[in-house]
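Protein chains in written order, with my numbering: chain H, 1 to 106; chain P, 1001 to 1256.
No wet-lab data here; the hints were simulated from the structure. It should be emphasised that the depicted structure is a prediction, and the values quoted were computed from it without experimental measurement. There could be a bad hint or two in this list.
[As the list claims (entries may be wrong)] Only pairs whose alpha carbons sit at most 16 Å apart, straight line, appear in this in silico EDC-like list of lysine to aspartate or glutamate: (1) 97/H x 23/H; (2) 1147/P x 1115/P; (3) 20/H x 99/H; (4) 34/H x 14/H; (5) 81/H x 1098/P; (6) 81/H x 1061/P.
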Amino acid sequence: MEGDILEEGKKIFEQLGMTKTAERNGILFLLSLKDHQFAILGDQGIHDKVHAEFWQTIRNELEGYFKQGLFSAGLVAGIVKCGEELKRYFPCQAGDKNELPDSISS
Amino acid sequence: MSFRAKPAPDSIRGGIFHFIKRKIATLALAMTLLFIPLLAHAFDIPSKPDNYINDYISLLDPNDKVYLNALLADYEIKTSNQIFIGIFNSLEGEVLEDLSMRIAEAWRAGQLKKDNGVLLLIFLNDRQLRIEVGYGLEGVLTDAKSKSIIEQILVPRFRTQQFGLGLKEAVATMMKTIGNEFSNEFTENYGQNLSKLKKRQKPIWVPFFGLLLFLIIMANSRHGRRGITFGGTSGSGFGGFGGFGRRYFRRREKDF
């Protein structure tokens, strides 16, 4: 990976077509094992609603796990936390569908 | 020969009755012997599980279950130690020590040569808990430590129905107590170890009520175009580990 992981993350976010959600509420967790770096990126729709501390909180939590080499546990904890927060702003609506895959690419 | 149609003299009749009685006694004994194993093994032990958390009664919140499985998978990748958790309805009338030992033998937590497994068993309706520790780990996760995990963490949490929280705290404490036992350099080999582990594990994932999440673990870079407005954050600097190891099953139990 070259350069800043956040910048890299933005590119990947677009490449994956993650901006193509109706409410612009996709979230990307990016983890580079080789570089010992990670990033969490939320689309515009989410960023408009949550505070900057939200990302910091998740970041700090993940960092705690990753430093111990607990990668899957950290990701699960981070995703669950994001999920809890986002439920408040984006409750499940009638006719909602899963717009993006909930998958892991590597 | 019919002894009814033509009654035999008393002496012979007595002999016949004696013979029949003996037959019945033998039969009864044979039947008893036949059923002893069935009676003693009323509990049907599930075969060696694919997951670390084996909640046969859906006691745990699905998020806690996924989290704990992920945590314990990471832990195995990192240390090769295996912590299995079994949650059952009841002992089915069996004796705790005997049953937990049989489950331990059937599931064989830990690596064969290292004997570095831990088994935490919960029999909810009987309010029985037990921790079995492989010989490889009992030097660090001693009886005293196991006892305190049960008494200080699990029992109070379980009494207030906080099963997920209790298990998370108990697992964290076990991991901390075991420390670097059997740990190895893991970061560089994480992907490799993970795929090894994946082969014998069923994938698990949580449904997220229409939330959109995407996750990437990347080994190398790709390149793309300009960015857009995002919120986000990044962090870095996670490090390695070092260590090595030592022999099977010890226990600790407690009602809750």
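We went through each hint and held it up to the structure:
no.: 1; hint: 97/H x 23/H; verdict: holds, 12 Å
no.: 2; hint: 1147/P x 1115/P; verdict: violated, 20 Å
no.: 3; hint: 20/H x 99/H; verdict: holds, 8 Å
no.: 4; hint: 34/H x 14/H; verdict: violated, 23 Å
no.: 5; hint: 81/H x 1098/P; verdict: violated, 41 Å
no.: 6; hint: 81/H x 1061/P; verdict: holds, 14 Å
The earlier numbered hints that this structure contradicts are 2, 4, 5.
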